[in-house]
Each structure stands twice: as C-alpha cells, then as structure tokens.
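A.B. asks: In case you want the letters, here they are:
2 protein chains.
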Amino acid sequence: MDTISNIVGLAAAVLTTIAMAPQVVKIARTKNTAGLSLQTFAILSAGIALWFVYGLMISSLPLIAGNSIGLLLTLCIVFMKIKYG
Amino acid sequence: MDTISNIVGLAAAVLTTIAMAPQVVKIARTKNTAGLSLQTFAILSAGIALWFVYGLMISSLPLIAGNSIGLLLTLCIVFMKIKYG
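Order-wise, the sequence lines are chains A and B.
What the first sequence shows, in our numbering, is residues 1 to 85, in sequence order.
What the second sequence shows, in our numbering, is residues 1 to 85, in sequence order.
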C-alpha cells in the first residue's frame with residue numbers, strides 16, 4: 001500500500017508539476033497574459049509553498065519534489081504576468 | 001506535530017483551492033481565454049484527480065478536501081477554454 005500510494009502520489013506530483021510548463025512556454029512565445037488572473041497564480045504560489053512545507057512535515061516525497069519544481073514554474077508565470085500585464 | 005502539520009496542510013489546501021476561483025470569475029466575465037494554455041489546465045485536472053486519490057490512500061484530509069473542490073474549479077476552466085477558444 002505504501003509503495004502503491006507513493007506511485008500514485010509521484011504521478012500526481014509529476015502531472016501537477018509539468019502542467020505549468022505549457023503555460024510558461026505559451027506566455028514566453030506569445031507574451032499574451034491578458035486572460036490570465038494574477039490573483040490565481042499569486043495565491044497558487046503561496047499555496048504550493050505551503051504544500052511543500054506540509055510535505056516536509058509529513059515526510060512525503062511526492063509533495064516535496066513536485067511542489068518545489070511547481071513553485072518555480074508558477075512563480076515564472078507570476079513574474080511574466082506582471083511584466084506583460 | 002500532527003495538529004500543526006494538519007493546519008499547514010489545510011491552509012495549503014484552502015489556498016490552492018481558492019486560487020482557481022479568480023480565474024474562473026475572470027473568464028466568465030471577459031470570455032477571454034486566448035492566453036490560457038489548454039494543456040496546462042487539462043494536465044492540472046488529471047494531476048489534481050490523482051492528488052485526491054493519493055489523499056484517500058494516505059488518509060490526508062487536506063489533500064482530500066482541497067483537491068475535490070480544486071478539481072471542480074479547474075474543470076470549469078478547461079470547459080470554458082474549450083468553449084471560448
């Protein structure tokens with residue numbers, strides 16, 4: 001059960017982490033961020049940072065690994081949104 | 001520690017769940033989804049669904065509660081992106 005749950009958790013971490021990549025690429029290419037909500041990505045960054053801390057507290061590798069990379073990508077989106085408006 | 005970690009996890013869950021709400025409201029109001037990556041929100045939906053399953057497997061209330069609502073909001077964004085292009 002522990003192994004299976006870790007596999008499911010790691011798959012979840014991989015998906016929610018790589019999910020932000022197409023958005024980062026799309027903004028870098030089009031510089032169009034008009035439709036994006038700054039609030040959404042700012043709150044998301046704060047939430048992902050807390051998931052990372054929660055992962056450390058409960059020693060969950062999927063939470064720690066996924067949310068550290070996910071936070072970087074989400075912060076990229078926040079900064080590009082601020083830059084491109 | 002268990003209480004503190006649950007508080008941190010619940011705060012994380014609340015933030016990443018409510019984060020999607022401003023984006024849903026913004027799209028509903030402007031119908032402008034051109035800058036949004038469909039891939040991002042589709043992959044995110046799949047990932048959030050797996051976090052929900054992982055939460056069930058490790059009996060984590062923050063993961064279960066946050067990701068069930070977060071999945072609904074993210075799917076709203078996916079459907080509006082498909083509708084408005």
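Think of the hints as simulated: they come from the structure by calculation, not from any bench.
Note that the Cβ used here is the ideal one computed from N, Cα and C, for glycine as well.
You may find that some hints are simply not true.
[Stated by the list, open to error] Label-pair ranges, simulated between beta-carbon atoms:
#1 Ile82/A / Phe79/B: 43 to 49 Å
#2 Leu72/B / Ile82/A: 26 to 32 Å
#3 Val78/B / Ile4/A: 24 to 30 Å
#4 Ala46/A / Tyr84/B: 25 to 31 Å
[To be verified] Covered by chain A, according to a simulated footprint, are these stretches of chain B (three or more residues, beta-carbon under 8 Å):
#5 3-15
#6 23-37
#7 53-67
A.B. asks: Run through the hints listed earlier and report the numbers of any the structure violates, in increasing order.
C.D. replies: 1
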